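Here the working numbering is used: the first residue of the sequence shown is 1, the next is one more, and so on.
Don't read these hints as lab results, they were simulated from the structure.
In this text, all values refer to a predicted model and were calculated from it rather than measured experimentally.
Wrong hints could be hidden among the right ones.
Simulated restraints on C-beta separations [said to hold, decoys possible]:
1) Tyr76 x Tyr165: 27 to 35 Å
2) Glu44 x Phe154: 14 to 22 Å
3) Ile138 x Asn77: 36 to 44 Å
The C-beta atom is built at its ideal place from N, Cα and C for all residues, glycine as well.
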Amino acid sequence: ARIRCLALEFDNLYKIRSPVRQCSQFDLTPFDEQILKASVDVDETIEPQSLFEYSSKKPALSSICDLIQINFERNYNDASEKVDLEIPFTANGTCNGIAFWIDYELNENIWLTTGIEHENDSWVNYSKQGVHLLPKPIQMQSGTKLKISTGFDFKQGQFLFEIIY
């Protein structure tokens with residue numbers, strides 16, 4: 001199996017983590033600060049979403065990046081793996097989210113995806129994908145790279161991820 005990711009510019013999904021700021025001439029900044037602070041304390045870094053329901057700009061901002069390979073025949077004991085990677089951007093745009101999914105290797109030539117097979121394909125509708133919404137969108141240029149740290153804690157069954165700013 002392999003865990004994969006893709007940097008995206010979502011049309012609307014990112015708004016669930018964005019501050020309101022002003023509404024009907026009311027300053028909601030203090031409310032925004034409380035909500036965003038609580039979100040950092042309580043919400044998961046990566047949340048499940050059905051990405052076939054949410055549009056994003058085409059082409060995708062990056063190519064598909066393989067993060068971790070997991071061999072289910074291997075005994076990992078209580079190990080954890082961690083690696084620093086770079087997501088290469090292939091298009092200009094505002095990165096406001098990163099999508100994650102897993103592909104399962106059924107045999108040497110057959111893979112089952114829970115995401116997409118190619119950058120500009122449609123997302124599968126039978127599975128949710130993981131989404132990390134950036135606290136502050138990043139303007140990226142083609143040819144630049146986003147540094148991330150990722151890994152897997154096999155004892156906890158927990159996927160690890162953070163952006164290295």
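Can you let me know if the beta-carbon spacing of Tyr76 and Tyr165 is within 27 to 35 Å? 30 Å, holds
Holds or violated: the 36 to 44 Å window for the beta-carbon distance between Ile138 and Asn77? At roughly 37 Å between Cβ atoms, Asn77 and Ile138 fall inside 36 to 44 Å, so the hint holds.
For Glu44 and Phe154, compare the CB-CB distance with the range 14 to 22 Å and indicate the outcome. With a Cβ separation near 19 Å, Glu44 and Phe154 satisfy 14 to 22 Å, so the hint holds.
The structure fails none of the hints (numbered hints given earlier).
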